[in-house]
Structure formats: structure tokens, C-alpha cells
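K.L.:
If you're matching positions, the sequence shown starts at 1 in UniProt numbering and goes up one per residue.
In case anyone wonders, no lab produced these hints; they're calculated from the structure. Errors might be hidden in some of the hints.
[Said to hold, decoys possible] The calculated lysine-lysine pairs, modelled on BS3-like cross-linking and capped at a C-alpha distance of 27 Å, are:
#: 1; residue 1: 552; residue 2: 496
#: 2; residue 1: 570; residue 2: 603
#: 3; residue 1: 1012; residue 2: 970
#: 4; residue 1: 599; residue 2: 510
#: 5; residue 1: 253; residue 2: 239
#: 6; residue 1: 253; residue 2: 307
#: 7; residue 1: 297; residue 2: 307
#: 8; residue 1: 552; residue 2: 595
#: 9; residue 1: 161; residue 2: 213
#: 10; residue 1: 970; residue 2: 1038
#: 11; residue 1: 161; residue 2: 297
#: 12; residue 1: 658; residue 2: 644
#: 13; residue 1: 1069; residue 2: 1100
#: 14; residue 1: 644; residue 2: 552
#: 15; residue 1: 1100; residue 2: 1078
#: 16; residue 1: 253; residue 2: 449
#: 17; residue 1: 147; residue 2: 161
#: 18; residue 1: 751; residue 2: 617
#: 19; residue 1: 449; residue 2: 294
#: 20; residue 1: 161; residue 2: 243
#: 21; residue 1: 496; residue 2: 466
#: 22; residue 1: 110; residue 2: 99
#: 23; residue 1: 548; residue 2: 496
#: 24; residue 1: 956; residue 2: 1038
#: 25; residue 1: 495; residue 2: 552
#: 26; residue 1: 161; residue 2: 239
#: 27; residue 1: 466; residue 2: 544
#: 28; residue 1: 213; residue 2: 265
#: 29; residue 1: 110; residue 2: 239
#: 30; residue 1: 449; residue 2: 213
#: 31; residue 1: 617; residue 2: 599
#: 32; residue 1: 1038; residue 2: 1064
#: 33; residue 1: 644; residue 2: 595
#: 34; residue 1: 956; residue 2: 1012
#: 35; residue 1: 1008; residue 2: 1078
#: 36; residue 1: 1064; residue 2: 1078
#: 37; residue 1: 570; residue 2: 496
#: 38; residue 1: 307; residue 2: 239
Quick caveat: nothing in here was measured; it's all calculated off a predicted structure.
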Amino acid sequence: LRSMSTCACTSAVSVRKVKSATRFWTIWKISMMSWMRPVSSLSPLKTCPLPRNTNYLSTVPALVFFRNKDPLIYTGDLNDEDEVLTWLTDEETLEIPGKIEEVNIKMLEKILAENEHIVVFFYHDEDKKSLKIINELENIDDECEEKDINFVKTSDDDVDKEYDLEQLPALVFYRHKFRTIYSGDLMNEDEILEWVLQQHESKPEVIESVDRKTLQVLVNEIEHLAVLFYDDDCETCPKILEKLETIDDDTDKHHIQFVKANDEKLAHEIGIFSFPALVYYETGVPIMYDGNLKNEKRILQWLVDHKNNKIPKPKRPKQKEVPEYIERDDRIDKSRPKQSKLKPIPKLQSTKTTTTTTTTKPSKSAKPEPPKKTKESKAQKPQPSFKPLKKPEIQKADPAKPKADLRKSEEEGDLMNELDVMDWITDQTTDESIEEVDRDELFELIDSKDFLAVVFYLEEDENSPKVLRHIELIDDEAAEYGITLVKCSDRLMAKKYGFRNPPGVTYFRKGKAINYDGDIDDEEELLDWLTNPHNMEMTDHIEKVNRKMFHKIRQASDYLAVFFYSEDCKQCPRVLAEIEHIDDEADGAGINFVKIDDKQMAKELGVYALPGIVFFKLSSKDPVIYAGDLNNEDEILNWLMTQKNPGGDVIEDLDGSKLLALIEDSSALAVYFYADNCEQCSSVLESLENIDDDCDRHGIMFVKTDDFSIAEHYGITDYPVLVYFEDNIPNVFEGSLDEEEEVLQWLITQKTEDRIELITRVMLEDMVEETQYLAVYFYKYQPPSYCRSFCSAENMRKRKEMTRAGASDKINCNICDQILEGLEVIDDELDVFGIHMVKIQDPQLAKRYSIKTFPALVYFRNGNPLLYEGDLQSEQSVLEWLIDDDNRELADEIEEVNERMLDRLMEQSPLLCVFYYDEDCQECEDILEELEMIDGEVDLYGIDFVKVASLNAAHKYGVTTIPSLVYYRKQIPMLYDGDLHDHQRVMNWLTSQDVFEIKNEIEEVNRKMLNKLLDENEFLAVYFFEEDHAESDAVLEKLELIDGETDNLDIPMVKMGDPRYARKWGVTKLPAIVYFRKRFPSIYRGDMYDEQDVLEWLRKNRFRQPELNILMYGCIATALGFVVYTAFLLQCFKPTPPPPVQHPKQN
């Protein structure tokens, strides 16, 4: 088609998304009349010459279906769209000769529903191995078709989750929707063909095994379904399965489908924790069998009785009920949690379920019929959780229940037969169905009941039993809300209240009727509709509610007033009549008004004398009791209005020191800055007042101010502006203030999530001074052609037009927004490292930091900027750069701090060296050059080295001369009085023991300092401990009592919280005390809580050294004397050698 020069072609239908050029189907609508006339007589848009070797169509219009470029002409009626759709989706049409058909999930579901045997290959389209496997499988496609086995493939997204497959690729054989997964080599086509033919020819199991997907489909489509959940670890499961297979054919005769599921995770999700377990599903409603699973005949009878409605259906469990568990020797327990209610089968992702009208179970050989689609059909929703069926319990009548509720049940029988009478009484007490009423009884209930729900149905309608079973599940819970639920089969009454084709539900509130128009099969939705305060409301008087209904209204109402009264109270009717006069005014102010006849509840809330009025506010936990005149309706109304808005103004106006103190103390504060002469400010304020209460509910305090001095303090010059403060950190709103919902969502996001704050230039200057590590993201926007200040009518008109068009008054850089989203990801991690990140839109300020292109990131370390030159789109690279130690510290330079930072360092740093200097002092610069030579070495000893050029800071800490070097050990100062130009002498002074030691306290050292102390001291005691360890802290308190005495023994004592370094000296358990004598360690083995014992041990080690030296020298002297004496003896008693023998010739 691409080779056509001019062709009017339109893609009409796409069966699935295009995944490659060789496998897709698309229907093209082509103007064919151009093929019937000369090309020269046509306009360019209608000229569609055919490619070479293409057959001409004899008639037009025509429909051509291309499958991998192979055309197929439709010969049916083009006017019948249903026939066209059937032809397009037919398997013969979709089939491509020599290829395995590619289908999507929807087509696969259709194929599985219509075919008996299907082989499906699930794979990822980007997997190269899968493509090789497909080439192998296409070699056996024809053999499978000869055996009437359809072969398809699918690679839709999340298909593995949809069909509950552990991994892809996977080959699955389906027989009547029941699957078997191939576990062999997918590259061996002969082995696969043999396996497929074996599956095709083998007989199905007596009880089919199903997976999660198949079970969900069966629950939705089969009206009567029995499922046995079993586990591989269960020893009794095989025996029970063998027994149950003997009744499988019998269940088929009663149209009950019987399957089994070996999915422990699925069983746990629906509330089953003991195996094996039998669950019966009737129209999706689960019922648990709690009998003996070894008695197959009793199970069969139980299933048949349930199908024939001979056993009452279970009621919805009350919230406070705790299901009882039946411990059985034929079941194993799988870590059962507290809840055990049966839940619906959990839906898989993207799974769609539809209702079905099938009432009989398909046979083993038959295929499950797909659900019929009708315009009125709705998606079937998951069924609620249910309590396992228990033995019937005789329910006692409630004496407080009105007599109108207790209706007689008439039954003809033999009163002389006591067994029949007993059975009849038991049936009446266990009957949990909805009460049936006739026409006269219905009129009586409408007149006498405040809240009455009537289910109109037809007895001859086959769907009525199903509808009634669902509604019966909420009967008891509706009664808890004071709603009487009855059913009526009178067609004329149903027609009178608007139901020409029952079933339907009508809700009467004091005789006023409204009809339910939701899904009548969804009992949860129906119960929510019945108990909705809006539906229960009757505007002509104050509604009467019970305790349960009160709690629901309480949760749904921002403001609620409750009138407590009693039937035996003589004053209550008169007061109630007065309050009825202000009901409409209270409702207009957004205050719901109800009345409750409950003395016990009134006492619980502090109302001990009736009548009484209590006011509830959603943002407040504690209610307020009215203490005024109950007969004065105006006073009551004013009191209610005051309670709703104590400040009298929706948004409180603050300025000056009060506002600054509030910003300092509040953890979540929204401040609206406005100007009196700004027209737009007033209209925006009216919009923001609509969300003030919503902010209160989310814990966000909302105030307004026209204090220009405070605005200027935060760099605000244009109005109106909204600033959110969290722990004194500002964040400016940059959206449209006219959209209050957008503002509310932004405030909630700021409160609930840690976002990067937008700040102004003045705010940045303050934060640079106050924050030690600050990352600033500079990004640019193009201002609109009109001023952001909304004071002129023309600007207001332009802004409204842009808002309607969905545009913003700021045109942001797209790449800036994308990078900002990535930086939001690492914002929380930066907080862990003490790095605060903000954003700013100020191109002029950016030039100060040599920023020429946007966006850009600047890192301030104690006010010193560092520009990031890497890839801002890689947030991980940004994170690594920010937390890198080399970037956090200034290279070859002592860090500059201001007065505020110095105060914070004084509190946080135990060892701090501060150089006080003056920027105009030449001598100070020379000294700084010397001191910066030891900055890195000082840091190794755990000493923070900073400089400050603030005379106020020097005077604050008692420094009178400049320059000066002061060493603070836990805020205890020591002034250096030596030569500041000699950096080595300064280094020796900082690390000397005299300077390092703090009296009456054991000093903490790092590895570098400990090695220095070991070199300088002959005797040293080291206490190794763990951080945040209770025992270590307790021992430390004891040891500090003897620190002075160890100094008297010339044994310095230090502490070290480094477990890894302690192991170097043989310490395996902390805390521990190690005594060093000329670097030779000795570990204390006694009681460290006994400080006197520790001191005595140190004293013995201290004075044992001379004795050892004398003994050692004596031994050495003795040994040397023995060696010398031996040598002397050998030399003295050495025999004289014989004279040499003369040679005969010498004679």
C-alpha cells in the first residue's frame, strides 16, 4: 500500500497493536471508483493506481482483509455490520497459512470459550528466544490442526499476570478451559507434538484441576460450583479426593460443577487456612462446608440441599462477630490469622467479568457457553465476604422490638404430632429470609416505619431468587441502622411505585418514596445507598437516628448537632418543637441536625440531664455541650454558628510579631499575602475561603496578611501570593490562585509529601546563611506579556481567558520540569544526609553564580557555591555528587561560617576549632595560609576547623583580640597563646593531651588520636563501647567516677565507639576496658560495674612494671654469666695439642 502514489486510505479497525511489519491485520477503506476511470480525469486525492501484479476488484464498495499482506475479499452483505464483525473475527478468516495466529487477550478468551482443545504459546515479543521457539512450533501447527487442535500465540502486556503464569515463555494446553502447562524443552518440536497429542487423546481427570484464572471465570459463569481446596503437604487430601471422585458424576446429574484447586496462596486470599476445604458457590456466593470431608454421601446431600434451597443461606456477618473454627483431624492448619471470613475470588489484573443467564452446569464434554451480551447487562461485581455456615441457633425475640415487627407465621399441620410441631418451630426460628408482606401490611408499614425498604419482585421471574438471596445478606445490617427490609410480590404495588418490570427496591422515609437505580445484584452498593445520610434525610423535620446511623453521619459530616431526648421526658417535646424552627437555617449553614433517643449514649458524651444538645466538628475529637437556654431557638442557632466558626472570619487575619511567631512555631501553615487596593486579591480571597475548612481537616492552618514588611522579608513584591511554611521553611505556590481545588490539592501534597520548595531571592539569601548544606535548582520561565499583579481589569480578562484555555501564566521549560520530577525522587535521601534542596526562578540571581544556561544546580556548603556540571537528567548521578565527601568539604580551605552556623556547630560538634579574623586584616590572611596547611590533618583527629569573620560572633563568645584561635571542647573554650604563624606548633597544641583532656570526663577519641596517645603515653586505658547501648552507658557512668584517680596514677583514660577497631586488640564483646603498657594490651576480665575493682586492677598493672624489669635484668645477667663462665672453662681446660710428627726425610 505504501507504493501507491496517491491513495485515499483510512485505517478503520485495528485488531491489535502493530508489533512488527510482518504480523498485523488492518482494514483499509479505499476509494475504488478511481480504479474504474482514467487517471487523468481524476483529482490527485482520488487517484489510487494499483501496484503491479494486483488483481482488480470487479465491484465497489468492497471490503478487503489483509493478513501479512495476503488479501482476502469479503463476499457477504456489507450492510450487515454484525455479519462483517463475525467474519473479521472468525478463526478461518484470521488464520494465516503456515503461521501460528497472533491473538490478543480478548480474542483468546473468545477462542477458549468456543473451542474444545486449544494450545496457547505465551511469550514476550522482545524475547529473541521466544522468536526461535515460534519458528519451531510453526513446524507442528499443521499436525495440530489435523487433530482439530487450534494453535495460537499471544504477547500482550501483563499476559503472564492475566493468566497466572509464573514465567514466560510458556506453552499451555486447554481442554474446556482447563489448562495443563508444558514443562519440557520448548525447542524440541517433536517432544512438544507428542505431548500435545497425548493431552488431546488422554481422558480428563474425574475432578478437574483449575488455576486462579479459570476458577474466577467459573465462579462468575457457573451458577452451582463446588471447589475443593487442597495442599500438597496434606496427607489426608489424596484419600479425600479419591472419595469425592466417586460423587463427581452424581454432582453432574444435579448440574453442580465439581473442581479442585491446589493454590495455597489463593486459598489464603479468600480466607481458607485449613486443608482440605470444600466451598460451594451459588451465583458467586461462597458457603463453607464444615462437616466431615471423608463422608462423601453426606457431602453430596449437602450440595444437593443447597442447590434446591433446602438449607437457609448464610447471613452477612456482623462486624463484631468472630467466626468460630472447627478443628478437625482430617485437615491441616496453615498459619491461620485472626480473620477467617470467606472472601470472593480475587480479581487478576485487567480481568473483566460479565453476568450470565446460564442456570445449568455444562457437561464434561460440552463447552462453557459465553455470557450473552445485552444492553441492560452490567458487570458482575465481586461478592462480599461470608461467614461459614453454622448449625442453626434458636434466636430469642427482642422485647424492645415493636410488635409490628413480630408477625405470625401460619402453617397448616397436625398439632397432635409433636415432631411436626418441633420441626415447624425450628424452621421458623432459623428462617433468615426477608419478611413477605401483602398490600395491606405494606400500607401499614409505610405509615408506621420511619425507614422502610421494599423489594418488589415477581414469583415467576427466574432471576428473583438470585436477587432475593443477595438482598437477604444485608437484612440484619440494615436493621442495625433502623431500616426495616421487606419484600412484596404484588405487581400492582410495584407498578404504582414505578417498577413495571420488577425486581426493584423502593425506599420509604416517613412515607416519602425514592427508587433505587443502581445494581440490584450488588448488595454492598444497595446497603450504602440505604444508609447514605443524604437518602435518609427528610428536610421538613429533624431526623431520628440510632447509634450506628449516628456514627456513619458523624464520619460524613463536617459539622453535626445532636439533640438527645427521651420518650419519658416531659420537657423534650417542647424543646424539640423550638429546635425544629432552626433546622433549615442550620442546614443552610452546613450543619446537620439529628435527634437520638439513647440515654446511655448521652451519658457517654457527658450529657446527664435530658434534653441536651451536643455539637461535633470533624476537625475536633472532643464534642461541645450546649449550656444555654434550650427554649431560646435564636440563642441555640447563634451558639451553633459560633461553634462552626469561632473566629468569626473564615481566614484569620494576622500581622507583625504574631504572624512571625506563628510561622516559627507551626509545622503546616498557609499564608495568603494580599493588598488592600488589589481587586483580584478580594476575588481570590473569596475562593480560598471555600477551602479553609478542608485545610483544617488536613491539619493545615490558613491565615492571611497585608503586612508589607513581612512580605518584603520573604522577597514578595507582587500580590496576591500564597506561601506554605513547614517548620519555618517557605514554599511559594506558582499555580492559579483562582482555582481553589488546585490550591487545596497543592497544600495537601505539601503536607503529606516532602516536596522541593519554591523560594524567592530573599528567602534564598537567608537560607544560604542559615543552612550548612543547601542545593538550589535554578530553572527559567518566560513571563507572560502582562504583569503578574492582578490589579488591572485588562490583566484580569487576559488571565481568565488563559485559564479557560487551560494555559498557565508562566511558560515553563519542559526539560526543567522533567529534571525537577527526577530531583523529587532523591529529595528524601538528601534529607538523610542533611542536604536541603530548594528551587528558584530568578535568572538575574543565577548570573551571580555564573549560570548561563538553564536548568542548573548550585551546591552551597556553608555559603560557598559549587556548580554541578554533570547530567541533571540522571538523578542518581546528582545524588552521588551531592553526598560525595570531596564536594561536601571545601578543598584546601578552612570552611567559612556565619554567626548562625557557628551557634549550630557549637551545639553539635564536641571538638571545634574556630579562627576569628577580620577580612581587612593582612596578618589574618598570612595566618590563614599557614592554618590551611593543617586543615586536612586536623580533620583526621575529629576536630572541626572553621573560620568566622564576624566581630559580633567574636564578642558573643568572649574573644577580644583579632586574630584569635580558640579550641572548644564540648563548648569549653581554650585560647591558643602561641605563634599562629607556625602551623606545626598549632597542630601539636591542638592534638596535645593537655589540651585534649577535659577534667572529670572521659574523652572520646578516634583512631588517629588513639594512635597518637599510644605513642606519647607509656600507660593508657581505653574504654571501648557501642553507640546507643544501655549497658555501655551505664558502665561509662561508673568509670567517670574514677577518671580523676586514674590521672593521679598517670594513666590517661579515653573512650572509643569503634567496634571494628576494638577487634584489632582482641576485644570480642563490648563494652570492654583495655590497658596499654607501651602498646602492649591487657583486657580487663572483671566486673565493669565495680569501678573500685577496675581502679585496683589498673593500679596493679601500673606498678607491676618495675618488678618485672628487675627480674628480667637479673635473669639476663645470670644467663650471660653462665655463658661467660662456660666459655672460660672451655678455654682453661682445653688439652695441649700433640707436637707434629716429623717427616722421615727431615731426620
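K.L.:
Each hint: holds or not?
P.N.:
Going down the list of hints, with the structure as the test:
{"no.": "1", "hint": "552 <-> 496", "result": "violated, 32 Å"}
{"no.": "2", "hint": "570 <-> 603", "result": "holds, 19 Å"}
{"no.": "3", "hint": "1012 <-> 970", "result": "holds, 21 Å"}
{"no.": "4", "hint": "599 <-> 510", "result": "holds, 24 Å"}
{"no.": "5", "hint": "253 <-> 239", "result": "holds, 23 Å"}
{"no.": "6", "hint": "253 <-> 307", "result": "holds, 12 Å"}
{"no.": "7", "hint": "297 <-> 307", "result": "holds, 15 Å"}
{"no.": "8", "hint": "552 <-> 595", "result": "holds, 14 Å"}
{"no.": "9", "hint": "161 <-> 213", "result": "holds, 9 Å"}
{"no.": "10", "hint": "970 <-> 1038", "result": "holds, 20 Å"}
{"no.": "11", "hint": "161 <-> 297", "result": "violated, 38 Å"}
{"no.": "12", "hint": "658 <-> 644", "result": "holds, 24 Å"}
{"no.": "13", "hint": "1069 <-> 1100", "result": "holds, 24 Å"}
{"no.": "14", "hint": "644 <-> 552", "result": "holds, 20 Å"}
{"no.": "15", "hint": "1100 <-> 1078", "result": "holds, 16 Å"}
{"no.": "16", "hint": "253 <-> 449", "result": "violated, 47 Å"}
{"no.": "17", "hint": "147 <-> 161", "result": "violated, 30 Å"}
{"no.": "18", "hint": "751 <-> 617", "result": "holds, 21 Å"}
{"no.": "19", "hint": "449 <-> 294", "result": "violated, 50 Å"}
{"no.": "20", "hint": "161 <-> 243", "result": "violated, 34 Å"}
{"no.": "21", "hint": "496 <-> 466", "result": "holds, 24 Å"}
{"no.": "22", "hint": "110 <-> 99", "result": "holds, 20 Å"}
{"no.": "23", "hint": "548 <-> 496", "result": "violated, 32 Å"}
{"no.": "24", "hint": "956 <-> 1038", "result": "violated, 36 Å"}
{"no.": "25", "hint": "495 <-> 552", "result": "violated, 33 Å"}
{"no.": "26", "hint": "161 <-> 239", "result": "violated, 33 Å"}
{"no.": "27", "hint": "466 <-> 544", "result": "violated, 33 Å"}
{"no.": "28", "hint": "213 <-> 265", "result": "holds, 13 Å"}
{"no.": "29", "hint": "110 <-> 239", "result": "violated, 37 Å"}
{"no.": "30", "hint": "449 <-> 213", "result": "violated, 46 Å"}
{"no.": "31", "hint": "617 <-> 599", "result": "holds, 22 Å"}
{"no.": "32", "hint": "1038 <-> 1064", "result": "holds, 25 Å"}
{"no.": "33", "hint": "644 <-> 595", "result": "holds, 19 Å"}
{"no.": "34", "hint": "956 <-> 1012", "result": "violated, 34 Å"}
{"no.": "35", "hint": "1008 <-> 1078", "result": "holds, 17 Å"}
{"no.": "36", "hint": "1064 <-> 1078", "result": "holds, 16 Å"}
{"no.": "37", "hint": "570 <-> 496", "result": "violated, 41 Å"}
{"no.": "38", "hint": "307 <-> 239", "result": "holds, 26 Å"}
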